[in-house]
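Read off the chains here:
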Amino acid sequence: MKTFAALDVGSFELAMKIYEITNRDTLKEIDCVRHHLALGSDSYNTGKIGLSKIDELCRVLKEFRKIMDGYQVSEYKCYGTSAIRETANTMILLDQIKNRTGLTVEVLSNSEQRFLDYKSVAFEGEKFHRILDKGTAIVDIGGGNIQISLFENDTLVTTQSLKLGVLRIHEQLLKMQPSPSKVGLLIEEIADGQISVFKKLFMKDRAVQNLIIMDDYVSSVVKNGAAGEVKDGVMDGNVFHAFTDRLGSSGAEEMADVLSVPEENVPLIYISAKLIERLLLATGASSIWAPGVSLTDGIAYEYAEKKHIKMISHDFEKDILACARNISKRYMGSKKRGETLEEICLSIFDTMKKVHGMGKRQRFLLQLAAILHDCGKFINLTNVGECSYGIIMNTEIIGLSHAEREAVALMVRFNHDPFVYYEELAKNSLVDRETYRVVAKCTAILRVANGLDKSHKDKFKKLHTSLKDDVLYLSADADQDILYEMETFKERAGFFEEVFNIRPQIVQK
Amino acid sequence: MADFTNPKYYTNRELSWLRFNERVLSEAKDASLPFMERLKFLAITSSNLDEFFMVRVASLKDMVHAGYEKKDIAGMTPKQQLAALADALHDFVKEQYRICKDLEQGLYENGIRLIRHHEDLSFEQAEYVDKFFEEKVYPVLTPMAVDSSRPFPLIQNKTLNIGAILSKKGQEKDTDFATVQVPGVLPRLVSLGEENGLQLYIGLEEVIERNIAKLFLNYDVLCSAPYRVMRNADLSIEEEEAEDLLKEIEKQIRKRQWGEAIRLEIEEAADRQLLKILKKNLGVSGEDIYEVPGPLDLSIMMKMYGLPGHDDLKKKPYIPCQVPRLPAGCNIFEEVAKGDVLLSHPYETFDPVVQFIEQAATDPKVLAIKQTLYRVSGNSPIIKALTKAAENGKQVSVLVELKARFDEEHNIVWARMLEQAGCHVIYGLVGLKTHSKITLVVRAEEDGIKRYVHLGTGNYNDATAKLYTDLGLLTCNESIGQDATAVFNMLSGYSEPAGWNKLSVAPLWLKKKLLRLIRREEEHARGGRSAKIIAKMNSLCDPDVIAALYAASEAGVVIKLLVRGICCLKAGLPGVSENIHVRSIVGDYLEHSRIFYFENDMQPEIFLASADWMPRNLERRVELMFPIEDPALREEIIHILDVQFKDNVKSHILQPDGSYKKEEVTGERICCQEIFCEEARAQVKSQKKGKSRVFIPKTHIGQEE
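Chains as they are written, first to last, in the numbering used here: chain S, 1 to 509; chain G, 1001 to 1705.
Just so you know, these hints were derived from the structure itself, not from any lab. Owing to the predicted nature of the structure, the values given are computational and were not obtained by experimental measurement. Wrong hints could be hidden among the right ones.
[As the list claims (entries may be wrong)] Below 27 Å or equal to it, Euclidean Cα-Cα: the simulated BS3-like pairs (lysine-lysine) are:
(1) G/K1303 / G/K1314
(2) G/K1512 / S/K231
(3) G/K1279 / G/K1061
(4) S/K66 / G/K1450
(5) G/K1450 / S/K307
Let the hints inform the model, and build the full structure from the sequences given.
See the structure below:
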């Protein structure tokens, strides 16, 4: 018997799920424990998690450990999210947790966290895909932020984070102390400011029919029908509006009774419901689906992927590619050129597999770099490298870790600007040696590929790549003059040769 | 439509309880019972009454002292309730002693004589008694006198004492009060041997009273009489403030001895001056004094019942039968894996429940055992098994309810024992009593983690399981296993789960579910569909549930209730409860199982539960209700209900005026408890012959009697 534990040190609660890897090589949830601990209220309010919360956190994590021992858990993954990320004493906190509980907590960036949340919905399988068929927005409401991911024709269009988390708003309200009748209006004001900007920038000409809701507050009462009628798990928008109105006009005690939830949760449920309501109005969506999944499900999904455990899978890389293409489109990148570059890069990557030793994920990062290779042009034509780097580093691409995002940004930057060696780069970047090596290798490939299409005239059609001795042959049916390409290629081939000790050579048929 | 919340449609719960005790007392009158059994029932009414005084009467007095005037379900203030109870209780006690006198006569006719007064002893008998006093009793007595330097002593709750008025020899006008406690360490009954074919006994209090002068040398004993004090024993624990619940409960138990005196029992012929002293110093008023024409503390009748011999005057003891699905020595896990098992106690033995934990303790595949414990027996094999499991490295979590009334002290002892053995002990939940009966065993099997669950309607108490009728379910149903895990996570302080598969948990969900189920029947009836509710429980006094039942009744739902004890619902009221039939079964075994049947338009749902339909169960306790889904087990339960409604020997039918009328035997004599004993024996026999175990219902539940 093999068991795995997924732990989430969240802003609102600590959660752990224990999974069993069955004989049929599938994951099965066998236990779930949650403990309410609003770490976020310290982080968002004072900027630091206080000592009493740290004590409570360690005590509960120790108990989680005992439960893990009871199930003879052999592997675990414990992630901290925005409350840990945003506290000023993150490193001290993580060290304390390690010393006091023996558990290693890894801190997720917002995009990593959202990607795991996204994976947890995908864990729902078929229904997820059925809903994505129509215009859909996944609204992931956390303690500190909400993440909105728009889907069109089963493809991710964009994903944006807004600083509208439930605990964050709750803390704001506590400071303002509005009268009960004003709470709803105040939440609307706080939310609408950011939602309207999102609408202007990303919602133009997009039709959203469904909202998929992920949160710790409303989801459970929507899912169990306590909030109103649910058909096949989906609630009509009007029913949800009526539920939100009722929440606003009834006392916390009454709603706690109606919803069978602790009374102290009712204000948080109301904030979450108001946010959803504002998004329903902004997007024009007519229904919501609250699958009631949590980050721990996403952690399990990630684990299952890594261990090749059977599950209904979703092609997340396809989503990330779609997202990158949308970013490129948004910054007026050339679709055709991007496709050519992508093709050349991947062809070289595959041919050089034995030499560079990189894997599938690195190939994917190179592909993203090819798609985003010129996004900086939108800002400044003479400083494309730096501007591209800035755009990529400041755009949420869910599914990429922070390190991966920086790797892609550096590849694009060094495609245009002189390559900076590790010793120099490390002065201003947190990139580790391994990532640096990937950046160097992929930059070398990207540069060669870019050199082949420097004129942007798509002269190299049907490129064939082959490796013989220490030479990479790039054979193409170029029916046009390639003198310009030959010249630029020479400049770029030098770096390629420096990285791989392989000389690239153009062969014109 | 009537206002179903109108207090006139409800019976006061205390008066209803008293009617229950009257039903128990009626068994003591039943000449058809083997004679000695009647003594037992009289003794039970006495101990029931003690508890009633210590808890219910005490609580009403507290309310009156605090000026609390909120009316109860039947529209009575605490003061009105006390007034109504005072007369009813005095009448009840009179009836107890009238029966006691009859039973003493019956004993005499059967060769046993209880010498009521030491004055009635013959010379030889008196000599023997005096010798007995000097050798056995005197050394353990602690006489206490009251004078200006010594205040009135603490008379401990429920103890039997001898009070006396003394005067120093030669100073008759100067009197003092003295008291001595009848020692609990000595047997209450003193045998005087046999004479003229009669076995002779005398109460220990009479032996002491006869010799009381020996305790106060230099004094003359002017008068003496046995008396007994009952005190407020309702613990009030400030849990929020109690840092250590265990210590706080220990403190409160000590305080129980000091609670307000709420009842004084004294011999009918006691000296008036003596009574006056007691009355003044104990602070009791006239209606709290019970002058009784017989032995104080009728639990003495249980001692008489326990006298050796006289088997011909007792019911033949029933030995609980083997559960056919779980033969001795079987692997419980393997058997349960084949399908759910229903256990019906005391007809079937409680051993499989003990074995379930014992086997788990030594089974290498078992990872964890989790259990809730409310009341366990003195030398509980379950505690032993849990201890063993912890020593074997299993993860053992036990929720011990320290607040189980009158078992607090006992529970503290073995909770500590479990903790020392390495179990993770949770000492109950703040503000709630954990009354649910659930055990979860987590096992790592070849095909993965499997959870085995036992759910019951009665406590994990192997001793009471021989006396109380209860049902239990052993299952490895995955949905129930998941819920059981969630229950224990909640009891460990973790957040509630997002939802439940099968179990309904009080205080958060159970009441709502019950009300939904009742209303669903009401809707079925209004829609012309088949609707019926059959429910069996110990007590029914939740106003919301009763109002829902009234509404359902008026919609046409047929409601049949088996309520053994308190029933605040009134049956057969025109326009309110015409369709409600209530009966109470009081028999050899205490009817304790909770069974709920909802017809649901010919798709019945059947549940078992640890909860009665009382506010305390539904709102202030952790309770569990679980469905029975296996078709064969459902048939068994339907059969149990069916036979109980056919009982015409031990059934009392609730009348519209709140009184009960005993069912009369017309035609075939049907005693449900006897039938269940016979059926359990027959099942074992047929099992031995290789036949399958399936109850064969005699009639369908839907048929009218």
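The hints, checked one at a time:
A hinted pair counts as satisfied when its Cα atoms are at most 27 Å apart, and G/K1303 with G/K1314 qualifies at roughly 14 Å. For the given pair, G/K1512 sits about 22 Å from S/K231 by alpha-carbon distance, which is consistent with the 27 Å threshold. A distance of roughly 17 Å separates the Cα atoms of G/K1279 and G/K1061; the hinted pair therefore holds under the 27 Å criterion. A hinted pair counts as satisfied when its Cα atoms are at most 27 Å apart, and S/K66 with G/K1450 qualifies at roughly 19 Å.
For the given pair, G/K1450 sits about 23 Å from S/K307 by alpha-carbon distance, which is consistent with the 27 Å threshold.
Consistency with the previously given hints is maintained throughout, with no hint failing.
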